[in-house]
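**Student:** Residues per chain, in single letters:
Number of protein chains: 4
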Amino acid sequence: MTNIVINGVGTIGKRVAEAVKKQEDMTLYALSDVAPNPELRTVKENFLNDTRLLASTESAVDDLQEGGLEVDGVLEEHIDEIDLIVDATPSGIDEKNKENIYEPNDVKAIFQGGSDKSIADVSFNADANYEDALGEDYVRVVSCNTTSLCRTLYELDDSFGVNEANVNLVRRGGDPKEDSRGPINSIIPVTDVPSHHGPDVQEVMPEIDITTLAVKVPTTLAHVHMVTTEIEDDATEEDVKRVFEKSTRISLESAEEGFSSTAKITEKMRDMHRERNDMNEVAVWEETITVEGKKVYWIHMTHQESIVVPETIDAIRAMLEMEEDKLASIGKTNEALGI
Amino acid sequence: MTNIVINGVGTIGKRVAEAVKKQEDMTLYALSDVAPNPELRTVKENFLNDTRLLASTESAVDDLQEGGLEVDGVLEEHIDEIDLIVDATPSGIDEKNKENIYEPNDVKAIFQGGSDKSIADVSFNADANYEDALGEDYVRVVSCNTTSLCRTLYELDDSFGVNEANVNLVRRGGDPKEDSRGPINSIIPVTDVPSHHGPDVQEVMPEIDITTLAVKVPTTLAHVHMVTTEIEDDATEEDVKRVFEKSTRISLESAEEGFSSTAKITEKMRDMHRERNDMNEVAVWEETITVEGKKVYWIHMTHQESIVVPETIDAIRAMLEMEEDKLASIGKTNEALGI
Amino acid sequence: MTNIVINGVGTIGKRVAEAVKKQEDMTLYALSDVAPNPELRTVKENFLNDTRLLASTESAVDDLQEGGLEVDGVLEEHIDEIDLIVDATPSGIDEKNKENIYEPNDVKAIFQGGSDKSIADVSFNADANYEDALGEDYVRVVSCNTTSLCRTLYELDDSFGVNEANVNLVRRGGDPKEDSRGPINSIIPVTDVPSHHGPDVQEVMPEIDITTLAVKVPTTLAHVHMVTTEIEDDATEEDVKRVFEKSTRISLESAEEGFSSTAKITEKMRDMHRERNDMNEVAVWEETITVEGKKVYWIHMTHQESIVVPETIDAIRAMLEMEEDKLASIGKTNEALGI
Amino acid sequence: MTNIVINGVGTIGKRVAEAVKKQEDMTLYALSDVAPNPELRTVKENFLNDTRLLASTESAVDDLQEGGLEVDGVLEEHIDEIDLIVDATPSGIDEKNKENIYEPNDVKAIFQGGSDKSIADVSFNADANYEDALGEDYVRVVSCNTTSLCRTLYELDDSFGVNEANVNLVRRGGDPKEDSRGPINSIIPVTDVPSHHGPDVQEVMPEIDITTLAVKVPTTLAHVHMVTTEIEDDATEEDVKRVFEKSTRISLESAEEGFSSTAKITEKMRDMHRERNDMNEVAVWEETITVEGKKVYWIHMTHQESIVVPETIDAIRAMLEMEEDKLASIGKTNEALGI
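Chains as they are written, first to last, in this note's numbering: chain A, 1 to 339; chain B, 1 to 339; chain C, 1 to 339; chain D, 1 to 339.
Simulated from the structure, these hints should not be mistaken for laboratory data. The C-beta atom is built at its ideal place from N, Cα and C for all residues, glycine as well. Treat the hints with caution; some may be incorrect.
Listed next, the in silico SDA-like pairs over lysine to any residue satisfying Cα-Cα at most 25 Å (straight line) [as the list claims (entries may be wrong)]:
{"no.": "1", "chain 1": "C", "residue 1": "LYS241", "chain 2": "A", "residue 2": "THR191"}
{"no.": "2", "chain 1": "B", "residue 1": "LYS294", "chain 2": "B", "residue 2": "ASN163"}
{"no.": "3", "chain 1": "B", "residue 1": "LYS241", "chain 2": "A", "residue 2": "THR191"}
{"no.": "4", "chain 1": "D", "residue 1": "LYS294", "chain 2": "D", "residue 2": "GLU275"}
{"no.": "5", "chain 1": "A", "residue 1": "LYS295", "chain 2": "C", "residue 2": "LYS241"}
{"no.": "6", "chain 1": "A", "residue 1": "LYS108", "chain 2": "A", "residue 2": "GLN23"}
{"no.": "7", "chain 1": "B", "residue 1": "LYS294", "chain 2": "D", "residue 2": "ASN37"}
{"no.": "8", "chain 1": "D", "residue 1": "LYS294", "chain 2": "B", "residue 2": "PRO199"}
{"no.": "9", "chain 1": "A", "residue 1": "LYS332", "chain 2": "A", "residue 2": "ASN3"}
{"no.": "10", "chain 1": "A", "residue 1": "LYS117", "chain 2": "A", "residue 2": "ASP106"}
{"no.": "11", "chain 1": "A", "residue 1": "LYS294", "chain 2": "C", "residue 2": "LYS241"}
{"no.": "12", "chain 1": "D", "residue 1": "LYS294", "chain 2": "B", "residue 2": "HIS196"}
{"no.": "13", "chain 1": "A", "residue 1": "LYS294", "chain 2": "C", "residue 2": "GLU230"}
{"no.": "14", "chain 1": "B", "residue 1": "LYS22", "chain 2": "A", "residue 2": "THR191"}
{"no.": "15", "chain 1": "D", "residue 1": "LYS294", "chain 2": "B", "residue 2": "LYS241"}
{"no.": "16", "chain 1": "A", "residue 1": "LYS96", "chain 2": "A", "residue 2": "GLU24"}
Over the 12 Å line for every Cβ pair with chain D, so calculated as not near, a few chain C residues [said to hold, decoys possible]:
{"no.": "17", "residue": "THR11"}
{"no.": "18", "residue": "LEU40"}
{"no.": "19", "residue": "VAL43"}
{"no.": "20", "residue": "THR57"}
{"no.": "21", "residue": "ASP72"}
{"no.": "22", "residue": "GLY92"}
{"no.": "23", "residue": "GLU95"}
{"no.": "24", "residue": "LYS98"}
{"no.": "25", "residue": "ASP137"}
{"no.": "26", "residue": "THR236"}
{"no.": "27", "residue": "THR248"}
{"no.": "28", "residue": "LYS264"}
{"no.": "29", "residue": "THR266"}
{"no.": "30", "residue": "THR290"}
Given these sequences and hints, build the entire structure.
**Tutor:** Below, the structure is given as C-alpha cells:
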C-alpha cells in the first residue's frame, strides 16, 4: 500500500489529508507539522485520531507535545516507510524541506501553487497535463486560480482551439479564517500588469496565449474570474456549455435558479452538506457563457481553499505511476470525494 | 408515529426538516411551501427526495410545478395525517396560516422568534421553560439572540441567582446567503433603547431583570453578545465555567487555543464537518468569563441560522407530550444532531 | 445670467448644485425636490441657505414644509425664469418630469447616466463629443463608469487609434451612505455578458469596438476597471502616460508612492481637503500602464459619486451655447472646481 | 510666539499639524519625521509647503531627501526654538523620543492615547481635567475611545453624579486608509474582560466606577459605544439631552432625521465640507438617550481619526499656561477648528 504523508496541516494540508484517507488505493501514513495550531488540533481529534502525528523537525517534538499533542517521532525517522510527501508548508519552508529532507532521503514530494516554479520540473493540472507528472519526483500542483483556468481553458482548447485568452481576476482578500487580513473597504489593484497568473497557466499549457490582470477585494468566499477568449473553430453557446458540462470538475450554475453569486453558490454547497462547504469544482455561471463570432466569454468562481484538492490526489497517482490514464485517476478521485 | 410538516423551507425550515428526519421518535411527513427557491430545490434533491412536497396554498401548486418540482397535493388535504406543523414562514404569513389553516383544522403549530409574541401563549426555550409547552397547541420558539441568552442566563440563575443583566448585542447584518443586505461599511444602532431583546428573554424567564442595547455590523457569520450580570450568591470564575460546561448546549471556546473570533469558531465547525458549518451551541469565549465581586461578565457568539434548531425539536416533544422530562428530550435531540 | 435649477437633491444633485454655484457664468436659481431628506437639509443649511427651494410637484409643497423646510413655490411657477434644469431624480421619475414639465414648458434639461438612453438624443462626455450637445434641448450625461471609460479611451484613440477594447468592471456595492445595500461578503456577477457598459460607451463613441464584463463587490469607495486595448499605431508606455497626463481629468497615481488602492487614493483626496473627499478625475494607476506590442493595459479607479459633476457643468455650457469650444468650457469648469 | 513641532506625521500628526496652524496664539514651527510617506507628502505639498520639515533623527535626513522631500535639518538642532513637541509617533518610538530627545533637551511634549500610561504624569481630557495639565512637562492625551467617554461621562457626572457606568465598545477594524487590516467578515472579542478602556477613563476621572467590554468589527468609519450608567440624582431624558447639548464637543444626531448610522453621520460631515469628513465631536444618537429610574442609557459614535485633535490643542495651552481657564481654551480651539 502506498504511504502518503502530509507535511503542514493548514488550509490545504488538512483537506488533502482527509482526501487521501478517502482513497482506496493509498494510505494516510501520517501528518507532520512543527507546532500545534487550531486546525491540526480539530482535525486530529475529530477524524484523524488514529493517524500518526510526526514532528517535521527535531525541535518541533517539544512544541507539539507542549501543545498537548501526542507525537509519533520525527518525519525523517519514518522516511523509509513513506512513498510520497505532500508539502503544504508556507512558501520558503517548502524549499528548505526539499533540500534538507526530501532530496537527501530520495522521497517524492508534491508542492503547492504558492511555491516558486523552480521547485519542481512539472507544474500540474489533472486535465491538462497529467501525463507530464508520470513517474516524476517533484511536482507542483498549481494555485487555485491557475487550476480553474487550466480546467476551463483546457476543455475549450481541446474542443475548439483557443487562440487567445484575456482573464481579469477578482481575488478574495483572505480566507474565512484569516481575520487579520484586509481590506475591509477597498479595492487593491495588482500593479504587475499583466499579472503572474497568465505565465502560471502557461507553465501547464505553454501553447495558450493568455494575459491576466487582477485586483483584490473585501470578501472571503471565493475568487471570481471574468474570461474573454478567442477560439479557432466555430462554436455556439450550447456547444461551449456541452464541453464544460462533460468535464466532471466544471460545474454549471444557474443565476436564474438562484445561484447568482459566490454567496449563493456557497449556500448550495452548505445545503448539499459538502464538508466545510467546499467546492472542488470550478463553478461557471451558465448565463454568462456568451459567444460572439469567435469570441467566447464567461465568468466563473474559484473556491480558493479546496479546488486543488482533487488535483493533488491525481498528482500522487501520476507520480507513483499508480494510474497511467488521467481519466481513470480523475474518476477514482471524484468518486472518493463525492464530486 | 408522529407526523411533522415543515411549512416554509428557508434558513430555519430546511434545518428543522433535516433535524426532524434524524429523530427516531418522529417522522418528517412533508415539506410545504408556496414557490420554488434554490434552498428548497437543493435540499429536496439531495436529502429529502423521498419526502412529500406539499403546496401550502391551492394556488401554489402551479408555481411549484412550473419550477420543476413534483407536488403531492395541498397542505390542508393532508391535515388529518399531521400531528404538528413547524411554521417557518416569514412574519405576517405565519399569522394568516394560523388563522386560515392551523386553527380551523385543529392542528398544533410551532412559530419562530420573528413572529409576534401574541401568536402563541408560550415562548419557549428548552432549558428554561420546557414544562410550559407540555400539551400546548401553539408555541413560539424564541429568536436566536433570545435563545442564547436564555441558555446562559438560565444556567447562571439556576446555580447562583441572577439579580440583573445588561447585555449589548452586536448583530450580523445578514445571513451568508443574503447578499442584497447591508451594511457594507457602517455600524447601525438600534435606536429603541432598551432594545426588544430584553423583554423577549422575559417572555421565557419573567423573573430576570434584563436590559439590552444593540447595533448591527457588516458581518454574516454570527451575532456576538457582551454580557454583564449581577448574581446573588458567590461564585468564582471556575464555578461559572463549570456551570456553563455542564450545559450541553453551551460550548466553551478558547481564544488562546486559536478560536479567537466568530470566523475562527466557524472554521472549527467546518473542520468538525458540522453540516453547513452550523453551530447549535452558544459559544462562550472561556477567557472572557470574569467575576468581580457579584459581577459576572462574558462574551458569547450566537449562530443565527442554527441555534434554534434543537429547541424546535424539543418543543415538538413537549407539545405532543412525547417526553415529560426536559433533560430526556434534550438528550435525544442532542444525540440525533451530534451536539 | 443663465439660471439653472437642480431637480432632485441626492448624491449627484447636491454636488452639481454646489458646482453650478461655483461657476462664474451661471446662476444656481433653485433646488427642487419632493420631500425632505438628510442631504437636502444639510446642504441647504450649510451652503445654500440663500438659494430658493422649490417643490417639484404641487403636492410636494406640504411634505417639504412639514419637514421644516421653507418652500419658494412650485417648480413650474418659476419655469419662465429657468434656462436649464439638471434632472437628478431617480430613473422613472426623470421620464415623467420630461413629459409633464420640461417638454410642455419648453425648458432644456440634462438627465443622468441611470436614465434610459431614449430620454435624450445625445449621450454626453465632455472630451469625446462636446460638440454634439451644442444647442441641444435634452442631453444625457453618461454614467460614472462610462465617463471614466470615455475619458481614457478618447485620449488613447485620439493619439494612437483604438481598434478594440475589453474592459472588466469591479463595481462597488453601494455608496458610503447607502448602508442598507449589500453584499456584505460576496461577489455578484452581472450575468448579462457582455454587460451594458460597452454599448453605453458606444453611445458617445460609436466607432470604438468595446466589450465589457462586470461584477459587484463589498466596497463603497469606488469602482475599478481593468482595461485591455489594442491600438493601431505604435506607442510606448511613456507615450501612453504622456497622453493621459495631458488630459486634465485623468490623474496618474503612483502605487509605489503609497497610493496603492481605492482607499489610499481616497485618503489622498481627504488629505487634499477635497470636499466630501470627492475625486472628479479618473485615477489611473501609473504602474499598471503596460504596452506589449499593440496591446495597451491599465487599471483605473472611478469615483462613482463625483466623476460626472464636471461633465454636467460642461453639458450646460454646450446646450446653452455659452461656449462653442470644449477646451474652453473644460478649462472654466476645472478652474472653478479646483481640478 | 509659541513654537510647536509635530513629530510623526500620520493619522493624528497630520491633523494636529493643520489644527495648530489654524490657532491664532501658536505657530506651527515644523513637522518632523523619519521617512517619506504618502500622507506627509500630500499634506506638505498642499497646505504646509511653507512649514519646515525636520528629520527626527540624524539618519532620517537621507531617507527623507531620497524620497524627494526638502529637509530643514535635524529636530534636535532646532530644539532651542521649540516650546512643545506633539509626539504622534508609534508606540515604542515615543518612549525613546522622550528619553533621547525631549528629556535631555528639557522640552515639553504631548503623547498619544496609544502610549503607555507611565509616559506622562497626566492623562488629559479638556473637559474633565484641564487644570491637571497646567504647566506640566509631559501629558498624554487619552485615546479616541477614552476621549468620547470622558466627554459624555464628565457632563453627566457634573450635572447628576455618575455612580456606575458599563460601556460596551464596538471598535472599527482599521482606519479607512489601512487596507491591510482586517477582519473582512468576523467579530473579534477583546478577551481581556473588563477591557483596558475603563481603567483608561479612570486615569482622567478616578472617581468614576466604570467597566468596559469590547469587540472589533469589519468597518472603517468609527467606533460605536453602548453606554449604561446609574446616576445619583434624578434626571429626565430632556435633562440629559440638555446637558449633552450644552457641551460644544458633544453633538446630538437624530436617526429619525436620517443620521441613523456611522455612515449617515459621516455623509453629513461630507455634506458639511468638514475637512477629511472628520468629526471632532462625539455624536450621540438623540433617540437612544433613555432614562429608566436612575439608569441612563445611550449609544454614541466616536470618530477615531479626529476626535482627539481639539484636546491636543487644549493640552498645548494648558501645558504652556497660555490659558488658565478650560472654557477659554476650548472656545478658542473650537472657533479655530469650526466645531
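**Student:** Confirm or reject each hint.
**Tutor:** Evaluation of the provided hints:
1. LYS241/C x THR191/A: holds, 15 Å
2. LYS294/B x ASN163/B: holds, 10 Å
3. LYS241/B x THR191/A: violated, 51 Å
4. LYS294/D x GLU275/D: Measuring from Cα to Cα gives roughly 39 Å; hence the hint is violated.
5. LYS295/A x LYS241/C: Violated, because 30 Å separates the two Cα atoms, which is more than 25 Å.
6. LYS108/A x GLN23/A: With a Cα-Cα distance of about 19 Å, the restraint between LYS108/A and GLN23/A holds, given a limit of 25 Å.
7. LYS294/B x ASN37/D: violated, 51 Å
8. LYS294/D x PRO199/B: holds, 19 Å
9. LYS332/A x ASN3/A: Status holds; Cα separation ~17 Å.
10. LYS117/A x ASP106/A: holds, 20 Å
11. LYS294/A x LYS241/C: violated, 32 Å
12. LYS294/D x HIS196/B: With a Cα-Cα distance of about 20 Å, the restraint between LYS294/D and HIS196/B holds, given a limit of 25 Å.
13. LYS294/A x GLU230/C: holds, 17 Å
14. LYS22/B x THR191/A: violated, 52 Å
15. LYS294/D x LYS241/B: violated, 32 Å
16. LYS96/A x GLU24/A: Given that 25 Å is the threshold and the Cα spacing comes to 32 Å, the pair is violated.
17. THR11: At about 9 Å from chain D, THR11/C fails to clear the 12 Å cut-off, so the statement is violated.
18. LEU40: violated, 9 Å
19. VAL43: violated, 5 Å
20. THR57: The assertion about THR57/C holds, with a minimum of 21 Å to chain D.
21. ASP72: Holds, since 21 Å exceeds 12 Å.
22. GLY92: Non-interface label on GLY92/C holds, nearest chain D Cβ at 22 Å vs cutoff 12 Å.
23. GLU95: holds, 27 Å
24. LYS98: holds, 28 Å
25. ASP137: holds, 32 Å
26. THR236: holds, 24 Å
27. THR248: Label holds. Min Cβ-Cβ 18 Å, cutoff 12 Å.
28. LYS264: Violated: least Cβ distance 6 Å, not greater than 12 Å.
29. THR266: Per Cβ check, THR266/C is inside 12 Å of chain D; nearest 7 Å; violated.
30. THR290: holds, 23 Å
This entry does not satisfy hints 3, 4, 5, 7, 11, 14, 15, 16, 17, 18, 19, 28 and 29, going by the numbered hints stated previously.
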